[in-house]
Amino acid sequence: MDCSFALSRMLQYPALVRATSVGLLLVLWIAAAGLTADASVLPQPWALWAPFAEASASGALPYHLGMTLWRVVCAFVPAMAIGAAIGFLMGRMPAVDQWLDPWLVVFLNLPALVLIVLCYLWIGLNETAAIIAVVLNKVPNVATILREGARALDPNLAAMAGVYRMRQWARLRHVILPQLAPFIAGAARSGIAVIWKIVLVVEFLGRSSGIGFQIHFYFQLFDVAMVLVYALSFIGVMLLVEALILQPSERRVRRWRTA
Amino acid sequence: MITVDVRRKAFGGEEVLSDIRFEMEAGETIAILGPSGIGKSTLLRLIAGIDRAFEGEIIRPEKIAMVFQEPVLLPWRSVVENLTLVHPGLGTQAALSALERMGIADKARLFPGQLSLGQQRRLALARAFAGRPDLLVMDEPYVSLDPATAEEMLALTETLIAEAGPAVILVTHSDAEAHRLTRRRLRLDGRPATIARDLTIGPAAVIPEMHHDRA
Numbered sequence: 001m002d003c004s005f006a007l008s009r010m011l012q013y014p015a016l017v018r019a020t021s022v023g024l025l026l027v028l029w030i031a032a033a034g035l036t037a038d039a040s041v042l043p044q045p046w047a048l049w050a051p052f053a054e055a056s057a058s059g060a061l062p063y064h065l066g067m068t069l070w071r072v073v074c075a076f077v078p079a080m081a082i083g084a085a086i087g088f089l090m091g092r093m094p095a096v097d098q099w100l101d102p103w104l105v106v107f108l109n110l111p112a113l114v115l116i117v118l119c120y121l122w123i124g125l126n127e128t129a130a131i132i133a134v135v136l137n138k139v140p141n142v143a144t145i146l147r148e149g150a151r152a153l154d155p156n157l158a159a160m161a162g163v164y165r166m167r168q169w170a171r172l173r174h175v176i177l178p179q180l181a182p183f184i185a186g187a188a189r190s191g192i193a194v195i196w197k198i199v200l201v202v203e204f205l206g207r208s209s210g211i212g213f214q215i216h217f218y219f220q221l222f223d224v225a226m227v228l229v230y231a232l233s234f235i236g237v238m239l240l241v242e243a244l245i246l247q248p249s250e251r252r253v254r255r256w257r258t259a
Numbered sequence: 001m002i003t004v005d006v007r008r009k010a011f012g013g014e015e016v017l018s019d020i021r022f023e024m025e026a027g028e029t030i031a032i033l034g035p036s037g038i039g040k041s042t043l044l045r046l047i048a049g050i051d052r053a054f055e056g057e058i059i060r061p062e063k064i065a066m067v068f069q070e071p072v073l074l075p076w077r078s079v080v081e082n083l084t085l086v087h088p089g090l091g092t093q094a095a096l097s098a099l100e101r102m103g104i105a106d107k108a109r110l111f112p113g114q115l116s117l118g119q120q121r122r123l124a125l126a127r128a129f130a131g132r133p134d135l136l137v138m139d140e141p142y143v144s145l146d147p148a149t150a151e152e153m154l155a156l157t158e159t160l161i162a163e164a165g166p167a168v169i170l171v172t173h174s175d176a177e178a179h180r181l182t183r184r185r186l187r188l189d190g191r192p193a194t195i196a197r198d199l200t201i202g203p204a205a206v207i208p209e210m211h212h213d214r215a
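Heads up: the sequence lines are chains A and B, in that order.
Each residue of the first sequence is one higher than the one before, starting from 1 at the first, in UniProt numbering.
Each residue of the second sequence is one higher than the one before, starting from 1 at the first, in UniProt numbering.
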C-alpha cells in the first residue's frame with residue numbers, strides 16, 4: 001500500500017519519474033550483465049567507457065556519427081518537403097487524392113528493406129541510392145499525416161483571406177502554415193525517429209561509413225561492446241536533437257495556445 | 001457601382017437562387033431579409049467573391065471587407081498583427097490607433113484567444129474598417145452575442161459606417177439591426193429564392209453630415 005502511494009505521489013514530479021525509470025533500465029542492464037557474467041555477451045555499462053573513449057579519441061566515432069547524421073539530414077529535408085507537398089495536394093484536391101491514394105497504400109506497406117535492396121540493385125551501391133531509399137520510405141508517411149492537416153484547414157479563414165485579398169505568400173505563411181504546424185511537427189517527430197533507423201539499415205547493407213556500417217563491422221567480430229557504444233552514441237545524439245531543436249521549435253509554434 | 005445579377009445558383013441539382021438582380025450606389029446600405037435557409041448567406045458569399053461557382057455576373061468594388069458570424073481571426077498572430085498582416089499597407093501606428101478607437105489598444109500584443117468574445121468582435125470590426133472598404137458585407141454579425149454586447153457592437157458599427165461611408169450589405173434576422181444599419185430592404189422568398197420585395201426607407205445612403213453632432 002505504502003509503495004503504491006509513494007509511486008502515485010511521484011507522478012507529481014515528472015522529471016523524477018523519468019530519471020527513476022531510466023535508472024531502473026540501467027539497474028536491469030547491470031543485473032543482466034552480472035547474471036551472464038560474460039563481457040563478450042553483455043558487458044557492464046561502465047565497461048563501455050574505455051572503448052567509447054578510445055573510439056572518440058581515434059576520430060572513428062565522430063566520423064561515423066557525422067556521416068550518419070549527414071545522411072539523416074539529406075534524407076529528412078527532401079522527405080519532409082516532398083511528403084508535405086503531396087499530402088497537401090491530396091488533402092485539398094479530391095481528384096489527386098483518388099489517383100494517388102492506391103500508390104500511398106502500396107508504398108506504406110512496402111517493407112523498408114525491400115525498397116532499400118531494390119534501390120541498391122537498380123541505382124547501384126552508392127550514396128544516391130542510399131538517400132533515395134530512405135526518402136522513399138518516409139515520403140508516404142509524411143504525405144498521410146499532412147493530408148489530414150490539409151483536410152482540416154478552416155474554410156472560414158480561407159474565405160477571410162480571400163475577401164481581404166491577402167497575398168499568396170502571406171496566406172501561406174500566416175493562414176495555412178500555422179494550421180498545418182501541428183501536423184508538420186508530428187511528421188517531423190516520427191520522421192526523424194524512423195529515418196535514422198532506416199539510415200542504419202541502409203548503411204548496414206551497402207555503405208562503408210556511418211553507424212550502421214560500424215555496427216555491421218563489429219557484428220562480424222562479435223564485439224558486443226562496440227556495437228553498444230555506437231548505438232548508444234547515436235541515441236544520445238538523437239535525444240540532443242530532440243531536446244535542442246525539435247522541442248523548442250514546437251514550443252515556439254504552440255506559444256499562442258498556451259498564452 | 002455594385003451590380004448583382006445572379007441568374008442561377010445551384011448546389012448539386014438543387015437550385016437555390018434564381019434571377020436576383022439589383023444595383024447599389026456608393027454608400028448605399030441594404031439589408032437582405034428572409035426566412036432562414038432561404039439562401040441569404042449563399043447570396044452574400046457570391047457577392048463577396050468567396051464562392052464563384054454560379055451563373056451570372058457580379059460587378060463589385062476592389063476593396064471589400066466582411067464581418068462573419070464568428071470573428072474569424074488568426075489565433076496564432078497577435079492582435080495588432082491581425083490588422084497589419086491582413087492589411088499590409090497599414091502601418092503599425094495606424095493599426096494601433098484603430099485598436100485605440102475600439103478600446104482594445106492595451107491588448108495589441110496579446111493573442112486573440114486571450115480576448116473576451118466581445119473584444120474579438122471589436123478586433124474583427126477594426127479589421128473590416130482598417131482597409132477603408134468601398135463595400136462592407138456583414139453576415140448576421142451579432143447573432144451569437146448577448147443583448148448588451150450586441151447593442152454595444154451595433155452602436156459602434158453604426159458610428160463607423162456613418163464616418164467611413166462604405167456601401168453595406170447586411171444579412172440579418174433582427175429588424176432592429178436592419179433598421180439601424182441600413183435604409184433599403186431586400187426580401188428573399190420562394191424556392192429557388194428570388195427578390196420578393198425591394199423597399200427603400202428614408203434616404204438611400206447614410207449621410208455623414210447627420211452625425212456631425214458626434215464629432
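Since the hints were made in silico from the structure, they are not lab data.
Hints are not guaranteed to be accurate.
Here chain A is said to cover these stretches of chain B; the calculated rule only asks that three of the stretch's residues, wherever they fall, bring their Cβ under 8 Å from a Cβ of chain A [what the hints assert, rightly or not]: (1) 84-93; (2) 104-114; (3) 174-186.
Keep in mind that this is a model prediction, so the values were computed, not measured.
Ideal Cβ positions, reconstructed from N, Cα and C, are used throughout, including at glycine.
Hint check:
1. Counting residues of the region 84-93 of chain B whose C-beta lies closer than 8 Å to any C-beta of chain A gives 4; at least three are required, and the coverage claim holds.
2. Three residues within the 8 Å Cβ limit are the bar, and the region 104-114 of chain B against chain A gives 4, so the coverage statement holds.
3. For the region 174-186 of chain B, the assignment as covered by chain A is violated, since 0 residues bring a beta-carbon within under 8 Å of that chain's beta-carbons and 3 are needed.
Against the hints set out earlier in the document, a violation occurs for number 3 only.
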